[in-house]
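Dock chain B with the ligands against the given chain S, drawing on the hints supplied.
2 protein chains.
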Amino acid sequence: MTESLDRQTAAARLRAADDILILSHKNPDGDTIGSALGLCLALRALGKNAAVLCSDPIPKMYEYLDINWYDGSFEPSFVVAVDVASIQLFGENNNVQEYVKRANLCIDHHGSNSGYAYATLVEPQAAAVCEILTDLIPDNLGVPLTPAIANCLYTGVATDTGCFRFTSATAKTHLAAARLMEAGAEAGRLNEILFECRSHSRIEAEREALESLEYYFDDRCAMICLTRDQIVQTGVANAELEDLTSLPRSIEGVEVGLTLRQQPDGSFKISVRTSRDVDACAIARRLGGGGHNRAAGCEISGNLDNAKRAILQEVQKELARCDEERELE
Amino acid sequence: MTESLDRQTAAARLRAADDILILSHKNPDGDTIGSALGLCLALRALGKNAAVLCSDPIPKMYEYLDINWYDGSFEPSFVVAVDVASIQLFGENNNVQEYVKRANLCIDHHGSNSGYAYATLVEPQAAAVCEILTDLIPDNLGVPLTPAIANCLYTGVATDTGCFRFTSATAKTHLAAARLMEAGAEAGRLNEILFECRSHSRIEAEREALESLEYYFDDRCAMICLTRDQIVQTGVANAELEDLTSLPRSIEGVEVGLTLRQQPDGSFKISVRTSRDVDACAIARRLGGGGHNRAAGCEISGNLDNAKRAILQEVQKELARCDEERELE
Ligand SMILES: [Mn+2]
Ligand SMILES: [Mn+2]
Numbered sequence: 000m001t002e003s004l005d006r007q008t009a010a011a012r013l014r015a016a017d018d019i020l021i022l023s024h025k026n027p028d029g030d031t032i033g034s035a036l037g038l039c040l041a042l043r044a045l046g047k048n049a050a051v052l053c054s055d056p057i058p059k060m061y062e063y064l065d066i067n068w069y070d071g072s073f074e075p076s077f078v079v080a081v082d083v084a085s086i087q088l089f090g091e092n093n094n095v096q097e098y099v100k101r102a103n104l105c106i107d108h109h110g111s112n113s114g115y116a117y118a119t120l121v122e123p124q125a126a127a128v129c130e131i132l133t134d135l136i137p138d139n140l141g142v143p144l145t146p147a148i149a150n151c152l153y154t155g156v157a158t159d160t161g162c163f164r165f166t167s168a169t170a171k172t173h174l175a176a177a178r179l180m181e182a183g184a185e186a187g188r189l190n191e192i193l194f195e196c197r198s199h200s201r202i203e204a205e206r207e208a209l210e211s212l213e214y215y216f217d218d219r220c221a222m223i224c225l226t227r228d229q230i231v232q233t234g235v236a237n238a239e240l241e242d243l244t245s246l247p248r249s250i251e252g253v254e255v256g257l258t259l260r261q262q263p264d265g266s267f268k269i270s271v272r273t274s275r276d277v278d279a280c281a282i283a284r285r286l287g288g289g290g291h292n293r294a295a296g297c298e299i300s301g302n303l304d305n306a307k308r309a310i311l312q313e314v315q316k317e318l319a320r321c322d323e324e325r326e327l328e
Numbered sequence: 000m001t002e003s004l005d006r007q008t009a010a011a012r013l014r015a016a017d018d019i020l021i022l023s024h025k026n027p028d029g030d031t032i033g034s035a036l037g038l039c040l041a042l043r044a045l046g047k048n049a050a051v052l053c054s055d056p057i058p059k060m061y062e063y064l065d066i067n068w069y070d071g072s073f074e075p076s077f078v079v080a081v082d083v084a085s086i087q088l089f090g091e092n093n094n095v096q097e098y099v100k101r102a103n104l105c106i107d108h109h110g111s112n113s114g115y116a117y118a119t120l121v122e123p124q125a126a127a128v129c130e131i132l133t134d135l136i137p138d139n140l141g142v143p144l145t146p147a148i149a150n151c152l153y154t155g156v157a158t159d160t161g162c163f164r165f166t167s168a169t170a171k172t173h174l175a176a177a178r179l180m181e182a183g184a185e186a187g188r189l190n191e192i193l194f195e196c197r198s199h200s201r202i203e204a205e206r207e208a209l210e211s212l213e214y215y216f217d218d219r220c221a222m223i224c225l226t227r228d229q230i231v232q233t234g235v236a237n238a239e240l241e242d243l244t245s246l247p248r249s250i251e252g253v254e255v256g257l258t259l260r261q262q263p264d265g266s267f268k269i270s271v272r273t274s275r276d277v278d279a280c281a282i283a284r285r286l287g288g289g290g291h292n293r294a295a296g297c298e299i300s301g302n303l304d305n306a307k308r309a310i311l312q313e314v315q316k317e318l319a320r321c322d323e324e325r326e327l328e
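For the protein sequence lines, the chains are S and B, in the order given.
Each residue of the first sequence is one higher than the last, beginning at 0 in numbering that gives the first Met the number 0.
Each residue of the second sequence is one higher than the last, beginning at 0 in numbering that gives the first Met the number 0.
Chain S with its partners taken away, still in its complex shape (with noise of 0.2 Å):
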């Protein structure tokens, strides 16, 4: 059993503690980037060895974070997990499963943390741990915000959130971005990298999957597809196909967006995203995949024809069902 902390008592330990190794979460993302520096930052400030472990390379697009790197220099005696849920998320590189063992606190905003470290810290309302050290390194920490604290800090209050769109942005995330800022976070900047860039890899994906774009269901339904070849051929990433499956839900009047992507055995994954009240975890359900209320996923083998039938069945059965239960209304 993990001991649930507040944050007063999160920033004692802390401040008790040296030679602080922080560890990061496999296939980095802006907040748990942004707060294992930014935390980094704030224990140096306090005259502490202090170092960030990952156990992949963060994304390019990061760069312009000037990450201090574990580099062997210390011995840990303190070892903080942020936005990490469980064991599995911190991968397998640069022997991190070693440290992950004998975590002193992990700093989290999933109401699903597993509780493998031996103290826990975890707010479920928060948009990012991000959100959490905007207000616990200054007020509990003791440390003042510095601009280059603020750059870590909005980064992944921004990125968790979307810039601000999802709904897991409150007021309180806005309160938060609003004292980066005063703090001197370049948010214009960050945003530009942020949100208005896009690789040329994106750009092909993004293409190929409009020429795809196919409606049914009186356009309640919008389809994109991309292939096992034009995966390649583009050289898009992961997470920016990730991105991409938004797209067909998007349009308007669309209740029901699917992405199909051709996996090297050749089978498709699909994602499933809704609108309102259409259920995306029954559509992906029913053909062995699962999820969310609004974002759902399942794959399928066979050819593509197959795969469209398979779930444009799974779709019109779930729409009728919406269909009869807004009559009841």
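Incorrect hints may appear among the rest.
What the hints assert, rightly or not - A few chain S positions that, by computed beta-carbon distances, are all more than 12 Å from chain B:
1. Ala-15
2. Ile-66
3. Asp-70
4. Tyr-115
5. Asp-228
6. Ser-300
7. Leu-303
8. Glu-324
9. Glu-326
Said to hold, decoys possible - Simulated restraints, written as ranges between beta carbons of each label pair:
10. B/Gly-234 - S/Ser-200: 22 to 32 Å
11. B/Lys-316 - S/Asp-322: 55 to 65 Å
12. S/Ala-238 - B/Asp-70: 50 to 60 Å
13. B/Asp-5 - S/Pro-146: 23 to 33 Å
14. B/Gly-114 - S/Asn-292: 45 to 55 Å
15. B/Val-231 - S/Asp-304: 27 to 37 Å
16. S/Asp-322 - B/Asp-65: 25 to 35 Å
17. B/Asp-70 - S/Asp-218: 32 to 42 Å
18. B/Glu-210 - S/Arg-293: 23 to 33 Å
19. B/Glu-213 - S/Lys-59: 18 to 28 Å
What the hints assert, rightly or not - One side of the interface only, derived from the structure: several residues of chain S facing chain B at Cβ under 10 Å:
20. Ala-157
21. Phe-163
22. Arg-178
23. Ala-186
24. Glu-210
25. Leu-212
26. Leu-246
27. Ser-274
The hints are simulated quantities; they were obtained by calculation from the structure and are not laboratory data.
In this text the structure is predicted, and so the values were computed from the model without any measurement.
Don't be surprised by glycine CBs; every beta carbon is placed ideally from N, CA and C.
Okay, now just chain B with the ligands, sitting in the frame of chain S:
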């Protein structure tokens, strides 16, 4: 000469008035509509007659705002314009210009406001008029922010900043968003309507645009082009075409993004978008156009090949100038 007011005085004039007509600019956007309706609801909460008038209908996207349109049921004795920088921007329909002549007050955030009203409250640092009203309505007018008013004001704050992405969004903008969400603004629902919904015709235009994508000068320049036929066939709205002009510049490594749109007379309207130190205005100016440092435009008559050749020549010159300057640094 217009009289410059502070918030307190502007609010006092509104409190002293009744039978208030609120004017929005033509081709209305989220800020002019959101601030007009938000102010209207606040004035009605004070027991006053108040209504909104605009030269043009509002885009479908904003239909969730239940606007109190002026229906002639009272004779306006006080006219206030919101988010309108100059007289031409009011448009000509619905007898709007009759009321503009006797505008008692203008609330705006455009530093370029021409001062056409008897009195003006201009705050150029504000990202939106809705940002000003977020504090003015409760703090100066004395009307608590209701969820309905908060939804109006959130609409303007979010749309004028591209959902907090543009450099115009400051710490104060985020503080306003936080205050509006605390007052009941449904940010998640509104963001989905405002930022995650693209019309069929826009998607079609995007497809055609990506199809036309060309790179020049070692991929430092990207160009998309829509012919008159394509624009007419897709049925894409002008505002949506405006949005598209950010596409070529958003590609990784692209310093100059060009969008060519054929006009009804056959000439090409060219939008120039540049990154940090490339001067868009210098490029456009040499072809008889103008604009800002990073966003400018010009128009070239003649066929597509001519237009391309002319604009690319100027792009090349400007890139060469930048290279020289960078070498000197
Ligand atoms: Mn996170
Ligand atoms: Mn405005």
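Evaluated hints:
1. Ala-15: holds (33 Å)
2. Ile-66: holds (21 Å)
3. Asp-70: The claim stands: S/Asp-70 keeps its Cβ more than 12 Å from every Cβ of chain B (closest is about 30 Å).
4. Tyr-115: Holds, since 31 Å exceeds 12 Å.
5. Asp-228: holds (19 Å)
6. Ser-300: holds (30 Å)
7. Leu-303: Its Cβ never comes within 12 Å of chain B, the nearest being 20 Å, so this holds.
8. Glu-324: holds (20 Å)
9. Glu-326: S/Glu-326 clear of chain B: closest Cβ-Cβ about 23 Å, beyond 12 Å.
10. B/Gly-234 - S/Ser-200: 22 to 32 Å: holds (30 Å)
11. B/Lys-316 - S/Asp-322: 55 to 65 Å: holds (60 Å)
12. S/Ala-238 - B/Asp-70: 50 to 60 Å: Cβ of S/Ala-238 to Cβ of B/Asp-70: about 52 Å, so the range 50 to 60 Å holds.
13. B/Asp-5 - S/Pro-146: 23 to 33 Å: holds (32 Å)
14. B/Gly-114 - S/Asn-292: 45 to 55 Å: holds (52 Å)
15. B/Val-231 - S/Asp-304: 27 to 37 Å: holds (35 Å)
16. S/Asp-322 - B/Asp-65: 25 to 35 Å: The hint (25 to 35 Å, Cβ to Cβ) holds, given that S/Asp-322 and B/Asp-65 are roughly 27 Å apart.
17. B/Asp-70 - S/Asp-218: 32 to 42 Å: Because 35 Å falls inside the window, the suggested range holds.
18. B/Glu-210 - S/Arg-293: 23 to 33 Å: holds (31 Å)
19. B/Glu-213 - S/Lys-59: 18 to 28 Å: Cβ of B/Glu-213 to Cβ of S/Lys-59: about 24 Å, so the range 18 to 28 Å holds.
20. Ala-157: holds (8 Å)
21. Phe-163: Since chain B brings a Cβ to about 5 Å from S/Phe-163, closer than 10 Å, the hint holds.
22. Arg-178: holds (8 Å)
23. Ala-186: holds (7 Å)
24. Glu-210: The hint holds - S/Glu-210 has a Cβ within 10 Å of chain B, the shortest such distance being about 7 Å.
25. Leu-212: Holds. Min distance 7 Å.
26. Leu-246: holds (8 Å)
27. Ser-274: holds (8 Å)
Comparing the model with each numbered hint stated earlier shows that all of them hold.
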